[in-house]
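Engineer: The primary structure of each chain is shown beneath.
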Amino acid sequence: MSSAESALSQKSALGDSVASRRFFIAFLLAATAAFPLLQVAFGGLNYWLHMLLFIYMNVAIASSWNIIGGYAGYISLGHNVFFAIGGYAAAILFAYHGISPFISAPLCGLIAMSSGLLIGMVTLRTRGPTFIISTIALVLLTKILLDNWRYVGGANGMSLPLLDMPVEFVKLPFYYGMLIIAVASVYLSFRIRRSKFGLGLRAISQDETKAEVAGIPTRFYKILAFGLSGFFIGTAGALWGYYLTYLSPAIFLSILVGAKFVLMTILGGRGTVAGPVLGAVLFISANEFFVSQFGATELNLAATGLLLILVLMFFPEGILGTLKQKGRLPKILDWD
Amino acid sequence: MTQTVQIIILGLSLGGVFALMASGLTLIFGVMGIINLAHAAFIILASFITFGLFKYFALDPILSIVIVMPVMFIVGVAVYRIFFARSIADPNKRGVTVLLTFAIALVIEGTLGFLFSNIYRSTSPSYASSAILFGPYYLPEAQFYATILSAVILIGLWAFLQYTRTGYAIRATMHNRTAAEVVGVNVDRISMLVFGIGMALAGASGAMVSFLFSVYPSKHWEFVAILLSLVVLGGMGSLLGALVGALVLSVAAAFVSSYYGPVWSPVTFYLALFTILLFRPQGLMGKKAEF
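So the protein lines, in turn, are chains D and V. Going by this note's numbering, the first sequence runs without a break in its numbering and finishes at 344. Going by this note's numbering, the second sequence runs without a break in its numbering and finishes at 1342.
The set of hints was computed from the structure by calculation and includes no laboratory data. Warning: the hint list may mix true and false statements.
Cβ-Cβ distance ranges computed for the label pairs, FRET-style [as the list claims (entries may be wrong)]:
| # | chain 1 | residue 1 | chain 2 | residue 2 | range |
| --- | --- | --- | --- | --- | --- |
| 1 | D | R158 | V | N1169 | 20 to 28 angstroms |
| 2 | V | D1239 | D | E220 | 51 to 59 angstroms |
| 3 | D | N156 | V | I1183 | 28 to 36 angstroms |
| 4 | V | P1121 | D | G303 | 35 to 43 angstroms |
| 5 | V | Y1311 | D | L45 | 34 to 42 angstroms |
| 6 | V | R1216 | D | R336 | 36 to 44 angstroms |
Not everything, but these chain D residues come out facing chain V in the computed CB check (under 10 angstroms) [as the list claims (entries may be wrong)]:
| # | residue |
| --- | --- |
| 7 | I152 |
| 8 | V178 |
| 9 | I224 |
| 10 | P225 |
| 11 | S262 |
Listed next, the stretches of chain V that the computed footprint assigns to chain D, with coverage defined by at least 3 CB atoms under 8 angstroms from CB atoms of chain D [claimed, not checked]:
| # | region |
| --- | --- |
| 12 | 1160–1166 |
| 13 | 1274–1288 |
| 14 | 1307–1317 |
| 15 | 1321–1334 |
The structure presented is a predicted model; accordingly, all values stated were derived computationally and were not measured. Ideal Cβ positions, reconstructed from N, Cα and C, are used throughout, including at glycine.
Please construct the entire structure, taking both the sequences and the accompanying hints into account.
Structural biologist: Take a look at the structure:
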């Protein structure tokens, strides 16, 4: 009887936690969706809109990177290549064919994803350190190619026209665009985590040989994960280029950009659904504080490296992973 | 024909230095199984030290190797003690260890950039601007000295590994870490020593890089990708492989540079890297690696 009772109470506790988590997520969605109303009503919030949409973009990026880097355990330092592919694809379509990035963004995501599938076929033939090397080489190679491609302005980059809207509203389309991308990518990450595919990826990260012996099509899964992780990063890149109205290889393809993708995810906790979200929010806020206090100098680079060192040495599982190990993870943040 | 030979000469003369730059990287990988993504950042650090010695003490960059190598050895031992001593034994942590070296590279790059700004620098000893002529061919004097010096250091390294007891222990650890430990090799101390030696080799090559190339802090990414491509070509952990890879790819890059322009010369290395990964991931001389 007692065991049945405890099982029952456990079940209702589980129900409670699901309910509180649902409430928390619904609250987050409602608050983020309603925030621009303040801008419409009172104005003067452009800086906050900018920060928030930047955070949403990074939530999308970190959640996407987590698919290959977290679930499958393949650390890629070159995911900003997808960011660049999305951005440049949208810019070319916009500048030469007049298609707004808001319309072409999903297409640009698909282009980034297909490139990811092709690149993955080559780079995913290796594991561990060699894979990491190949992703760095990928960034450097792409940068040289774009630097010398005159059609897109080479190293000087290309400018895009501003979105023709009054200044108090011009950030809103980007705000909602990035919000949608962020929500969609977190949802994708959640669905993958719960699927057989996600289980396969996690088996690969534990022991790839055993996973293969167990009948998991490891090569196919890895390539698919690599491609999928490129989709929303490409979509975000498409909007980001338009938002900046200027694209250059230096903006999209510095090693630091790719490094930040990794750092955000590891900081929050890779391999979890909520980890990349938390990591992106905390890292972008901290980074903004650091930049506003000390300027975006080389010191920022050193600080990023230092933070990464500290996290890797003392919290390799990230904030969520560490809390989970200690059994202190707040229920509302357990999205797995 | 004359031009072809000339290009080969120039390629080979850089290949020797690249081999020296890569030797530390491949040695560290061979013993510890980690890829030190900060290797080229340490080379740049050594170049900056050489530059400082040249500027403020008028010390010749080649002579300064006598100072730079021991300094970098100590740096290497300290870095090993602080960052790698604990995580090295656990193969599950290796992915994280690579990221750690990546983070160290960011810190070095950022700190150098902050202190000295990201501008081009190079030391300018008298031999940096003259060339040796023989028949129809020429060889820049700086590259001539650098090649000879690299060869001397590499032969010294080879002899050390081949003929000393410590070298024997290092080779045993490279061959099979666990077995070496079983027969009484202190693998932790060997790892520390090898990391120090690797950094000293980075120091020596950094001193030469200071007069062969113009350096700036963020250049190390280009260097490290080049080094990794030739190490992967030769086979990770193989010193001979690194030498062969360096010579082959430097000559190839010299041809690309001569026919398509110097901008494209790094592309040679990256494309070579992807080609190798596609067809022979273990490299020319590497054993099939299990990560």
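Engineer: Take the hints in turn and mark each one as holding or not.
Structural biologist: Here is what the structure says about each hint:
Checked against the hint of 20 to 28 angstroms, the pair R158(D) and N1169(V) passes, with Cβ atoms roughly 26 angstroms apart. Between D1239(V) and E220(D), the C-beta spacing of about 33 angstroms breaks the proposed range 51 to 59 angstroms. One distance hint, 28 to 36 angstroms for the beta-carbon pair N156(D) and I1183(V), holds here, with the actual separation near 34 angstroms. A C-beta distance of roughly 36 angstroms is found between P1121(V) and G303(D), which places it inside the suggested range of 35 to 43 angstroms.
Checked against the hint of 34 to 42 angstroms, the C-beta distance between Y1311(V) and L45(D) comes to roughly 56 angstroms, which is inconsistent with it. Restraint check, R1216(V) to R336(D): a C-beta distance of roughly 51 angstroms breaks the suggested window 36 to 44 angstroms. Using the Cβ-Cβ criterion of 10 angstroms, the hint placing I152(D) at the interface with chain V is satisfied: the shortest such distance is roughly 6 angstroms. Below 10 angstroms, beta-carbon pairs count as interface contacts, and V178(D) has none with chain V, the closest being about 33 angstroms; its hint is therefore violated.
Of the supplied interface hints, the one on I224(D) is violated, with its beta-carbon coming no nearer than about 18 angstroms to a beta-carbon of chain V, more than 10 angstroms. Of the supplied interface hints, the one on P225(D) is violated, with its beta-carbon coming no nearer than about 20 angstroms to a beta-carbon of chain V, more than 10 angstroms. This hint holds: S262(D) has a C-beta 8 angstroms from the nearest C-beta of chain V, less than the 10 angstroms allowed. Counting residues of the region 1160–1166 of chain V whose beta carbon lies closer than 8 angstroms to any beta carbon of chain D gives 6, which meets the minimum of three for the stated coverage.
Coverage of the region 1274–1288 of chain V by chain D holds in this model, with 6 residues showing a Cβ closer than 8 angstroms to a Cβ of that chain against a need of three. By the rule of at least three residues with a Cβ nearer than 8 angstroms to a Cβ of chain D, the coverage given for the region 1307–1317 of chain V holds, with 3 such residues. With a threshold of 8 angstroms between beta carbons, the proposed coverage of the region 1321–1334 of chain V by chain D holds, since 7 of its residues qualify and at least three are required.
The structure fails to meet hints 2, 5, 6, 8, 9, 10 from the earlier list, while all remaining hints are met.
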